[in-house]
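> Residue numbers (the numbering used here), protein chains in the order written: chain A, 29 to 304; chain B, 29 to 304; chain C, 29 to 304.
What the hints contain is simulated information worked out from the structure, not anything from laboratory work.
Check before you lean on any hint, since a few could be wrong.
Each pair may be met inside one copy or between any two copies, as identical chains are not told apart.
SDA-like mimics (lysine to any residue), calculated; alpha carbons at most 20 Å apart, straight line [said to hold, decoys possible]: (1) Lys-230 - Gly-90; (2) Lys-54 - Met-29; (3) Lys-262 - Pro-103; (4) Lys-282 - Pro-30; (5) Lys-54 - Leu-112; (6) Lys-278 - Gln-182.
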Amino acid sequence: MPIVTLTTDFGLRDHSVAAIKGALYKEMDTVRIVDVSHEISPFDNIEASYIIKNAYRHFPDGSVHIIGVDSEQTPDNRHIAVFLDNHYFICANNGIISLIASEIKPDKIVEINIHKTVESIFPMIDVFVKVAGHILRGGTLEVIGKPITTLKTQELIEPQINDAKNRIIGHVIYIDNFGNVVTNVKKSFFDAYRKTRNFEVKARHVKFDTLVESYSSGIDFTLPPKKRGEEAKKLALFNSSGYLELAIYKSNPKVYGGASSLYGLQPMDTITIDFL
Amino acid sequence: MPIVTLTTDFGLRDHSVAAIKGALYKEMDTVRIVDVSHEISPFDNIEASYIIKNAYRHFPDGSVHIIGVDSEQTPDNRHIAVFLDNHYFICANNGIISLIASEIKPDKIVEINIHKTVESIFPMIDVFVKVAGHILRGGTLEVIGKPITTLKTQELIEPQINDAKNRIIGHVIYIDNFGNVVTNVKKSFFDAYRKTRNFEVKARHVKFDTLVESYSSGIDFTLPPKKRGEEAKKLALFNSSGYLELAIYKSNPKVYGGASSLYGLQPMDTITIDFL
Amino acid sequence: MPIVTLTTDFGLRDHSVAAIKGALYKEMDTVRIVDVSHEISPFDNIEASYIIKNAYRHFPDGSVHIIGVDSEQTPDNRHIAVFLDNHYFICANNGIISLIASEIKPDKIVEINIHKTVESIFPMIDVFVKVAGHILRGGTLEVIGKPITTLKTQELIEPQINDAKNRIIGHVIYIDNFGNVVTNVKKSFFDAYRKTRNFEVKARHVKFDTLVESYSSGIDFTLPPKKRGEEAKKLALFNSSGYLELAIYKSNPKVYGGASSLYGLQPMDTITIDFL
Numbered sequence: 029m030p031i032v033t034l035t036t037d038f039g040l041r042d043h044s045v046a047a048i049k050g051a052l053y054k055e056m057d058t059v060r061i062v063d064v065s066h067e068i069s070p071f072d073n074i075e076a077s078y079i080i081k082n083a084y085r086h087f088p089d090g091s092v093h094i095i096g097v098d099s100e101q102t103p104d105n106r107h108i109a110v111f112l113d114n115h116y117f118i119c120a121n122n123g124i125i126s127l128i129a130s131e132i133k134p135d136k137i138v139e140i141n142i143h144k145t146v147e148s149i150f151p152m153i154d155v156f157v158k159v160a161g162h163i164l165r166g167g168t169l170e171v172i173g174k175p176i177t178t179l180k181t182q183e184l185i186e187p188q189i190n191d192a193k194n195r196i197i198g199h200v201i202y203i204d205n206f207g208n209v210v211t212n213v214k215k216s217f218f219d220a221y222r223k224t225r226n227f228e229v230k231a232r233h234v235k236f237d238t239l240v241e242s243y244s245s246g247i248d249f250t251l252p253p254k255k256r257g258e259e260a261k262k263l264a265l266f267n268s269s270g271y272l273e274l275a276i277y278k279s280n281p282k283v284y285g286g287a288s289s290l291y292g293l294q295p296m297d298t299i300t301i302d303f304l
Numbered sequence: 029m030p031i032v033t034l035t036t037d038f039g040l041r042d043h044s045v046a047a048i049k050g051a052l053y054k055e056m057d058t059v060r061i062v063d064v065s066h067e068i069s070p071f072d073n074i075e076a077s078y079i080i081k082n083a084y085r086h087f088p089d090g091s092v093h094i095i096g097v098d099s100e101q102t103p104d105n106r107h108i109a110v111f112l113d114n115h116y117f118i119c120a121n122n123g124i125i126s127l128i129a130s131e132i133k134p135d136k137i138v139e140i141n142i143h144k145t146v147e148s149i150f151p152m153i154d155v156f157v158k159v160a161g162h163i164l165r166g167g168t169l170e171v172i173g174k175p176i177t178t179l180k181t182q183e184l185i186e187p188q189i190n191d192a193k194n195r196i197i198g199h200v201i202y203i204d205n206f207g208n209v210v211t212n213v214k215k216s217f218f219d220a221y222r223k224t225r226n227f228e229v230k231a232r233h234v235k236f237d238t239l240v241e242s243y244s245s246g247i248d249f250t251l252p253p254k255k256r257g258e259e260a261k262k263l264a265l266f267n268s269s270g271y272l273e274l275a276i277y278k279s280n281p282k283v284y285g286g287a288s289s290l291y292g293l294q295p296m297d298t299i300t301i302d303f304l
Numbered sequence: 029m030p031i032v033t034l035t036t037d038f039g040l041r042d043h044s045v046a047a048i049k050g051a052l053y054k055e056m057d058t059v060r061i062v063d064v065s066h067e068i069s070p071f072d073n074i075e076a077s078y079i080i081k082n083a084y085r086h087f088p089d090g091s092v093h094i095i096g097v098d099s100e101q102t103p104d105n106r107h108i109a110v111f112l113d114n115h116y117f118i119c120a121n122n123g124i125i126s127l128i129a130s131e132i133k134p135d136k137i138v139e140i141n142i143h144k145t146v147e148s149i150f151p152m153i154d155v156f157v158k159v160a161g162h163i164l165r166g167g168t169l170e171v172i173g174k175p176i177t178t179l180k181t182q183e184l185i186e187p188q189i190n191d192a193k194n195r196i197i198g199h200v201i202y203i204d205n206f207g208n209v210v211t212n213v214k215k216s217f218f219d220a221y222r223k224t225r226n227f228e229v230k231a232r233h234v235k236f237d238t239l240v241e242s243y244s245s246g247i248d249f250t251l252p253p254k255k256r257g258e259e260a261k262k263l264a265l266f267n268s269s270g271y272l273e274l275a276i277y278k279s280n281p282k283v284y285g286g287a288s289s290l291y292g293l294q295p296m297d298t299i300t301i302d303f304l
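Excised from the complex, chain A in its bound form (with noise of 0.2 Å):
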């Protein structure tokens, strides 16, 4: 059965979400639709970016992913359809694929041009909605869409290194819901500059000269819990969709805090890795 993600800052209590998978069911009956999130900050183009690269890949070949975050059509955001690494995207050309695309090159781009005269108050509907059940029914972007060459791509959204190769300028792209504070630093990018040198992982008032391989690593097991410290909870690793993470092991951010507001750490700050 075909699968359609559904991934939008449209959050769950208003009826758009609803409204559109009824959309989806109208146009195709056999379709399977998978929230991806609907939680995205509104017009959140990094996170949406950061959530729907990690999601994708791993949804059978030949999935759609509709993107429905800062999608109302102006002339400086105009609708696409993405074929890439064997998934379907449908969202506006704001940055949001520039994540995915930097590792991996479209196979094919459309400008999406089924819009009406008027512009849609709802595009998700009246544009993606019908674009997805294109694309399921067999149909190729090239009938909905022109051809082009080159995606938007977003500030901040990837690394730097300085040109005497030993300090990595990343940021902060997400906290995740443990509070955990995800970078845009990813472990090739890494690996690639270290070669065998020391480092120093530096942000705000933290710093770290290890990277460990789970969140437990850092506890020693033979302690009876309460003997185990708090220090020990503190770490670094590259997370399981290997970007880089400066977390804190069982963190309940509800609670006591979590790494973001511990190590006082937001989206967009400064982290700068030197090797040594």
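Could you slot chains B and C onto chain A? The hints should help.
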């Protein structure tokens, strides 16, 4: 595959929604269940009315919509099933359907009478799921209830026009995920009285004398983003559901406030439209 | 169609839940995935116990329930699969199943041993989804794990009776979406000790000497709504899951407080029942 939608005030943390889904799958293996919203404010019939009205019409004909808001059966509050606009609704007779029924006459209404002698403590499963199963298997409403002819209505759910026909008095009925303020004034109602006159929409400290076609209408895209100005983001329009909405372009209520907080408007607040 | 349910503390904003669903669809195209809850408080095994216990029994026999709460494998915390009451559970051996297993003896428990040498950083996908796929394809538990005979239990999860058999000491285990306070005292436990005696339920400043049958029991519906009084809304009952609950009729915790805030009760607080 038949569709059952769910609209409740149960939230997504409790087990209640999953229990209903499990019971529905036991009732009929092939049903497709779609969440409309489980974040309705507790016992808020007006919010539920607005959400289900704008969701249901996007679903295929024959869909069954279960609404579990204020659904404990009491002497004031009887369980009903309604067939209207080729859709089935199962809910309490507490005004939730009145927003839909004010525009589209129900074809059939029954007061459900399959209850045991002791009232159920979880009527969604013991009554609504059973009724949904009956309908999905092709059963008629008369088998599970006694036909009635009128539905309870809700106060404040409809806007009023004054005797001189030059002022509409409406109310805020919903604040959406972006903080935008939705009123109960529909385009058809507004157009019927406005004719060709000028108008002024007033709500607390804000006034609008034009209605735009899309959220970005006020923006001059020939200017660089930083020069487009904050005032240009304030707007009033008929939203994709046809209701008058007082909005702010690209607002993020979590970070710098949305229309609701910036205009100082809450559900049930009055808005007036004067025709000049 | 086989059913897999998901219960996690991952929240609905992150990509994690969607990643698990994608992986499950890759594992088996025809599976039906149902969310139980993703809003479990981080690492809160007691909350997870209560939620999964009251959800699973509404699902068809043969359903597979994946629980991703506190599921990183450590020396303290091994992965298990349990067959019990014709349902399968895949989780960590951290007490989550003990609330169910205290009433219904497991037919089979295995400690999962399909792990690679390096521990997985995302065990839900690398281990739990694989085990679910194995079960859905008809595989036996012995193939993916080593039979064990006992489950870890959780402190405070069961109420206690004193030596004189005239006082039950229980605890609050959950606050629901309406702010109602759920305790760990089941009707069967209460009835077994009460016999025909009078009783008094006490928790902080509130006392109840009667238990009602429904949330609206205290309301005199012959009076007009404004004369029905606030005191009549306070009640104690056995909820639809059979647990003693201290509640308020039609409470809205977001606006004017629910039982939890008005009675001053939080998870793990003590409640006593004296038989007189």
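> Please go over all the hints and tell whether each is borne out by the structure.
Consistency of the hints with the structure:
Taking the shortest Cα distances, Lys-230 and Gly-90 never come within 20 Å of each other, neither inside one copy (41 Å) nor across copies (50 Å). Taking identical chains as interchangeable, the C-alpha atoms of Lys-54 and Met-29 lie at most 20 Å apart whether they share a chain (16 Å) or sit on different chains (11 Å). For a Cα distance limit of 20 Å, the shortest separation of Lys-262 from Pro-103 across copies, 19 Å, qualifies, whereas the shortest one inside one copy, 46 Å, does not. When the C-alpha separation of Lys-282 and Pro-30 is checked against a cutoff of 20 Å, the pair qualifies neither within a copy, at 38 Å, nor between copies, at 35 Å.
Proximity of Lys-54 and Leu-112 under a CA criterion of 20 Å is satisfied inter-copy only: 18 Å between copies versus 27 Å inside one chain copy. Taking CA atoms no more than 20 Å apart as the test, Lys-278 paired with Gln-182 passes between copies only; the shortest distance there is 18 Å, against 32 Å inside one copy.
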